[in-house]
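Heads up: the sequence lines are chains F and R, in that order. Be aware that the first sequence starts at 0, since it is given in numbering that gives the first Met the number 0, and climbs by one per residue. Be aware that the second sequence starts at 0, since it is given in numbering that gives the first Met the number 0, and climbs by one per residue.
If you are wondering where the hints come from, they were derived from the structure by calculation, not from laboratory data. All values derive from a computational prediction rather than experimental measurement. Just to be clear, a hint being listed does not mean it is correct.
Unchecked claim - Simulated coverage check for chain R against chain F, where a stretch passes if three residues somewhere in it have a Cβ under 8 Å from a Cβ of chain F:
(1) 368-376
(2) 388-394
As the list claims (entries may be wrong) - To give an idea of the interface, some chain F residues facing chain R are shown, with a C-beta separation under 7 Å as derived from the structure:
(3) 84
(4) 85
(5) 111
(6) 223
(7) 253
(8) 274
(9) 275
Virtual Cβ for every residue (Gly too), placed ideally from N, Cα, C.
If you want the building blocks of each chain, they are given just below.
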Amino acid sequence: MNWSFVIANAITLACIYGTLAIGISITWSSLGLINMAYGFIFALSGYGAWLAAQYISANGFVVMGAGILTGAVGGMLVCALAFIPIHDKPNFTVRGMIATLAVSLVGNQALLWYFGPRAKSLPPLFGSSQTSIFGVVMTADKIGAVVSSVVLLSAVLLWMRSSRRGLEIRAMMMNPHAAAIVGIGVRRTGFYVMALTGGLAGLASVLLSQTYYVGPFSGITPMVKGLSVALCGGLGSVFGAVIAAALLGINEAMTSVVFGGQYVLITQFALIILILLIRPRGIAGILDKAREA
Amino acid sequence: MTTTWKNPISAFDPEKPVEEVVTNDYLSPQSQWDATRSYNVPTPPVGRLRYYHKWAGHGDKLWHRLRYWPTRRRVLDISGGYNSKTLRRQKTIEDKRPIWWILSLLALAIAPFFIPENQQNALLTAGAVFGIYAAINLCWMLIIGTAGIYSLATYAVVGAAAYGSAYMSIHMGLPWWAMPLVGSVVGLVFGIIIAIPATRLEGFYYALLTLGLVELCRVYVIQSREFGSATGGLYGADSYIPQDWPQHAQLLLGYYAGLVLMILGLFLFRFVNGKRLGRVLRMAPEKREAFAEATGVNYRAARIQVFLISSLALGFIGGFYSAHFRGAAPSLFSFDTMLLSLAMLVIGGLGRAEGAVLGTLIVVFIDRVLVDWGPMRFVLIGTLMLLVVLFLRGGLFGIKEQFRAWRDKKKSENRSSRAEKGGEMLPEEATETENKDIIYFRRFDKMQRDFLKKLITPEIIEEHRKRPLGQHSEALERVLTYFRRQPQNDKYAITVIEPFKSYRLVALSGTRGVAPRLVEDKTYGSPDEAYHALFLRRVQDLLEA
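Pulled out of the complex, with its shape left as it was, chain F reads as follows (with noise of 0.2 Å):
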């Protein structure tokens, strides 16, 4: 078994889950809105960059940018779509949920119907080289996987701690009725936030793309394996999300040299099953500081 080879994936694997999970987890934990829209902000933003690739460069930043904006237009899309109208109105949690699947529903057979079904391919932003960090060789598209995504999340979370916006966004997190009666704007924030988490999914895009393809359904998948790493580590918890985002990445590279390919989802949910079994709000979540939405 190549230790190597698995410890670069689930390194991999983990940065680009948890970056998805972690705009799921400030999207509910601040707005009380699942975003169910995310595989289309993912696909939207697949296809911003695909779009920027084709017709203005193939520089990996500007490819990079791109998705990301496109991501956040997205994000901000969604916003306006399905939290400005209903978020003061009764039963918001559910029928904010059902909001973001239909416009999810809409994006993405609208995506089908303007790009058709053929997959598009990005390409590579990062080169081909390889390198070899104390043995482990990685090859440079994971390397820039791992470093952007880490980067970008990092600068997102430290100007989450440090400005004015992160301030608002965190005091939304903590009670929404407070952050409200304090004079922070809950539809000024809920677009902050979207753009944000928007531009979030379009990073993880454009760095799964480099795997996979782009198609008007590439995002479910993922947005899928996002919700289950953000459950798992405690909706509302970026720490919590980055231990889960470790775990499972960790868990589908072991599975995938040890069993195969196909068990990673069955090894996957059964992970996810017992830890809620152990923890029910997740591992990060504690039961009484839940959001009431």
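Following the hints, complete the assembly by docking chain R onto the known chain F.
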């Protein structure tokens, strides 16, 4: 507008000409009374009151009415009573839903004979699909609506049962009538497995987990060679539709079988939701579980029970599905199937059987009949779903309720904006006032002032200027009588500075021993001028009040 008034007293002095004055037309004081007392709330013409048709006939011996087994329910909820005005006997149908149900089911039953020849294939196929999906959605509605478990794994259960029974039929020669039974067993086992996390997880955690489970099933089925990864599904199972029948007869049989399945689903919904389990669970809605538990309602057991019953039924439907389509396809597990099905539930309205059926009808029609539209039909479904979620609280069947709530809100807004009805005294003041006569007097006074304001015209002011004292026209006389009747405090009066030369206006204090105060610096040369100045002052006060 104006008329001439002849002074009737002129007759006493026939040597002078008859005095004639231009004055107002007669205005009846009744007009003000009518205007104040009229009902001036805007009343929309449609549906201001709930209308129940009253049937003739006596309403006694209500206990002899037809009841259906095994419940003690009556077919129609009819209440008897007396008309409160005519005291005639009458009957009211309180709940007309059974009538609508029977009519729509009859329409579905005879629909195949009215389909145009060229669309028969498409519509009959769509009708069979509608029956199956409606049955699935009814069971799902039991899970989401009645039990309140946000499970998205419905199609995992259906698919597992379909695959299981198809597999057994292909490899072990299971006959078609046994496939739903085998499917039920598979569904129950699957339901038990899925129900285990439901005992610990709440709401969305469970929804997301089940979403993952469906994805797991899909990936497994796509990759597994036994379940037809190569052929894109598992086909070749036994079917209840005989192969040697003509195609039209096959389609008709499929359609009616789907319809029967849907009716079975409706009975299941009714017997779970409308009886003990449903009652128990209605005690424990979301966020009030703690209260229900404190009152001794074991809602967890009830939820799991409903979940398992539904899983059994879903397994049955899964077996029927594979017997209908001669196999199963991985599209059963796809995210889109789940989404479309959720759209059906949401469009119709969560928690009601009619919502599940109508939503299924709409979505299946768009999905299966408007095939030429391509991906745009899903966009249409999604838009419909989004609009329903954004604007309606309970789907299409909740519109009536929502409209009534909105109308009641508007009504009460109107009612509260009609504060002038109480007259001069505010409601709080009125309850504090000892002498209730004051309330009525003020109300009358306001009405009278409103009337007198209409009488003030340049004509009567001119009339008064000419002759302040003596007999006046009817309008001016009414105004002056009102002025003279006012209470003493702040009543205007004339004081004589120098007789026949200088007069001034004062206002009385209303208290004995306190001198009146001067109201203006002007002095008037004659009493008539002073009288008229005083009159103008009063008119001004009246118009400003």
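Structure-based check of each hint:
no.: 1; hint: 368-376; in the structure: holds (count 3)
no.: 2; hint: 388-394; in the structure: holds (count 3)
no.: 3; hint: 84; in the structure: holds, 5 Å
no.: 4; hint: 85; in the structure: holds, 6 Å
no.: 5; hint: 111; in the structure: holds, 5 Å
no.: 6; hint: 223; in the structure: holds, 5 Å
no.: 7; hint: 253; in the structure: violated, 18 Å
no.: 8; hint: 274; in the structure: violated, 11 Å
no.: 9; hint: 275; in the structure: holds, 6 Å
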